[in-house]
Amino acid sequence: MGDIFSNLMLGFSVAVTPIHLLYALIGVMLGTLIGVLPGIGPVATIAMLLPITFNLSPVAALIMLAGIYYGAQYGGSTSAILVNLPGESASVVTCLDGYQMARQGRAGPALAICAIGSFFAGCVATLIIATAAPPLAEVALKFGPAEYFSLMVLGLVAATVLAHGSLIKAIAMVLLGLLLGLIGTDVNSGVLRFTFGIPELSDGIGFVVVAMGMFGTAEIITNLELKDKREIFTAKVTHLFPTKDDFKRAWAPVLRGTALGSFLGILPGGGALLSSFGAYTLEKKISRHPEKFGKGAIEGVAAPEAANNAGAQTSFIPMLTLGIPGNAVMALMIGALMIQGIAPGPQVMNEKPQLFWGLIASMWVGNFMLVVLNLPLIGMWIKLLTVPYRYLYPSILVFMAIGVFSLSNNPWDVLVMAVFGIFGYICVKLECEPAPLILGFILGPLMEENLRRAMLLSRGDPMTFLTKPISAGFIVASLILLVIVALPALRKKREEVFVEEPK
Amino acid sequence: MRFVVLGALWAIVQLAHAQAWPARPVHLVVPYAPGGPVDVSARLLAPKLQQGLGQPVVVENRAGAGGNIGAEFVAKSAPDGHTLVMGAIATHAINPALYPNFPYDPVRDFRHVALIVQVPNVLVVNNDLPVKSVQDLVALAKASPGKLDFASGSTGSTGHLAGELFKQLTGTYMVHIPYKGSAPATADLFAGRVHLMFDNLASALPNIRAGKVRALAVTTAKRSSFVPELATLDETGLKGFDMTTWWGVMAPAKTPQPVVERLAAEVANAIASADVAERLRAMGSEAPSVRTPGDFTAFVERERKVYGELVRRSGAKAD
Amino acid sequence: MRIKSPKDFWAGLMFIGFGAFAMAWAYANYQMGTAVRMGPAYFPILLGGLLALLGALVFIGSFAVEGPPLPHMNMRPLVLISVACVVYGYVMKPLGLVIATACLVYISAFGGHEFKWKEVTILYVILIIFSVLVFVKGLTLPFPLWPAFLGY
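As they're listed, the protein sequences go chains F, R and U. To convert, count from 1 in the first sequence and add 18; that's our numbering. To convert, count from 1 in the second sequence and add 31; that's our numbering. To convert, count from 1 in the third sequence and add 1250; that's our numbering.
To be clear, the hints were calculated from the coordinates, so they are not data collected in a lab. A few of these clues could be false.
Unchecked claim - Below are the DSS-like pairs computed for lysine-lysine, each with C-alpha atoms no more than 30 Å apart in a straight line:
id	chain 1	residue 1	chain 2	residue 2
1	R	K107	U	K1343
2	F	K313	U	K1254
3	R	K107	R	K173
4	F	K447	F	K313
5	U	K1387	U	K1343
6	U	K1254	F	K447
7	R	K107	U	K1387
8	R	K163	F	K160
9	U	K1254	F	K310
10	F	K401	U	K1343
11	F	K303	F	K313
12	R	K178	R	K163
13	R	K107	R	K253
14	F	K160	R	K285
15	R	K285	U	K1343
16	F	K160	R	K178
17	U	K1387	R	K79
18	F	K401	U	K1368
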């Protein structure tokens, strides 16, 4: 214990120097900005800023880049709540209830709970990194393809809980998302699937493009149909700050979300996304008023936000302790470190304690800066919402288009975004929800990849999913969840049929 | 008559442009997503080139199809020296054999200006595997055919093809397990779910030093100065084994000779400068083995033949 | 037989369509493999089949369970917004950011209700200045500003 304390002291002494504070501030501000702007994400930004980091010390570089990363999580939730645009895959869930809260004039409390919940989650997660990074990394290593597959099955079953409408249609949307995710190169065989000879499809359709189309463009088109729509937003803006009731309802979800996010963030590949909607599903299932979810329940905002910020912090663990990047951003940071001549890996903790502990301490500092930055900004965002929609939506389109185009400087991406906008619009009209589709879209290829890899490694033995304890655990949990999910639906259907009969 | 005059004017303008190269910002296309090693090296190079050329050098990412989209884009661009590409082993040696209906010729549609990075792969095995040398591994593989799994970052990657060549030269059978990138592959290697991997030196080195994996040999013909204690596969009996991952600056085929030469000189200066050289070394890259555009072209031709053959024999196909 | 729920009717058809297409295409073009060594066609056929099945359930259900009528589809915003985005993408390389953004702003503004030239132009000017400052100068995104034949 004393060890950790002295390490933390070392860390803070590094993090609180003026220059490192400055870089942390730059990082989080920049991160928030790009998180808010739809389309441009932390990956592209960090890549573009890499050359600047060459002239900085490794600690400063890492502090700034990390700040951009978790700052983007804060910013991403802002655009999810205000304009239904998920900046990161993990913010998709925040759109569900957050945007609805904004439509009810409660954007202020939603944003505030996000900021506060994220801050709490960030602090706890950083504490976890400080105390338990190496053992947690070992746990992460225990997850092989079989375990990932089973976890994702659980995740997919949970995805159906997201829907607040017809269960069958939600499952169908998940399946459709799964299929769309399969477009591209099949990892296990190298074969190009569903690309119809179009080279741009050989790496599949990007998540950003689908999300921007189905959530962003579709929403704009739908809004433009209503005549006097924007008055809804501005007329009912009540307090900027959450009420006592909000806090009461939100604190437990934040705790649960933090726990879930901290754990799932450790898993390289898909952890952070699973954590945010896992948190949402959990809250919806244990809530006494599940029907409120999808219509502006604050628990549906607090839990996922806490989860995804906790996940963002703990996703540093595999990178810092094992040198294995959990996602594209971590890979970039590893690149940045390697250019500096530091080989991230198991030795970094011992050989470069200032770097390791300085970064951890700086995460606290960064989270603190973010909450201080974001809370006052809420007032500004609310003001922004009062701008007449006819000015707002072309602006949103411009930012979306720039962001999407900048992905590969290829007009193809913008075209696909427009196509998904049309498709999303149709889905809204037919009451088919986009969120389950997006989740299927992301999880699908991962699931298949892990399924086939697990089968390859076990030389074709399907029992491998049940003989491995962790994997078996998830499969059992999925079955249980499936039953829990299906039961009320079955009961309801029986009631419905009962009511319909007299005709 | 008007057209003749206009045509003449246009020709003069073009000539003036050629004399005054570069006349506007130069776009260095990276056919991969931002953040990867090719992208990072391009971003290292760009500011130095900018100094030398006197015009902004902008890195433009055009990812997709394993790099083919970006490479094709530049192959079909105006050959005025303002659009360049970081052509890599993938785009110019492996993919032509891997993908159907290939849209360009890697040798004839490009001027190969300068090779920048060459990184060897290293054969690493899980610590619990009872082998201490390449000979041990070959013996184990022969004794239990089809039992060993080797991981790679993707089908058709150098890691995969190195494994295939290894199997061919040693007459062994190991199962190829492809991953999406070398990071998840490394994770499974640590955990022992796969047994071995031909990882690139830069990523593998920290793991080797930390003792998380055991290194057996490097894939280049010459020993690497980063791990001089490691034998080459060629030395251990796999004659002729010489594989590196490489990339360099290329331009469209009809780019004028003076432009190519000036560019080659500037790039050579850039990578010789202290900070860039150091950072490239940090990626595991030693000084490139070919120095002139002509040699580079010959190099690409050779590589293209070797990998074309390898891909064909391994049966890997992106279709 | 009366269609009781038009939304479900069309949704069901949509799902059946996607599912059937996926199955057919995968079956015709890729290897199935076996359950223990799955080929690239396995998952698509499986999923496509499930999707088509669920689609059929939804479709049949649309004759049994009452549902709200199909909402009106307003073509104008749909077409104009989509066209605006597509034009932006394809105009960017030949004509540059300034013109592409103009196309996007004006065409999408047309898709709205009130279109006043002066307002839209002011909005456009603000947006293009912001875009150039933040994205091109700030983040050094390689967008061409002006049409190609004018040089960059």
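Structure-based check of all given hints:
| no. | hint | result |
| --- | --- | --- |
| 1 | K107(R) - K1343(U) | holds (14 Å) |
| 2 | K313(F) - K1254(U) | holds (26 Å) |
| 3 | K107(R) - K173(R) | violated (48 Å) |
| 4 | K447(F) - K313(F) | holds (18 Å) |
| 5 | K1387(U) - K1343(U) | holds (18 Å) |
| 6 | K1254(U) - K447(F) | holds (16 Å) |
| 7 | K107(R) - K1387(U) | holds (28 Å) |
| 8 | K163(R) - K160(F) | holds (25 Å) |
| 9 | K1254(U) - K310(F) | holds (27 Å) |
| 10 | K401(F) - K1343(U) | violated (36 Å) |
| 11 | K303(F) - K313(F) | holds (15 Å) |
| 12 | K178(R) - K163(R) | holds (18 Å) |
| 13 | K107(R) - K253(R) | violated (37 Å) |
| 14 | K160(F) - K285(R) | violated (54 Å) |
| 15 | K285(R) - K1343(U) | holds (22 Å) |
| 16 | K160(F) - K178(R) | holds (21 Å) |
| 17 | K1387(U) - K79(R) | holds (19 Å) |
| 18 | K401(F) - K1368(U) | holds (23 Å) |
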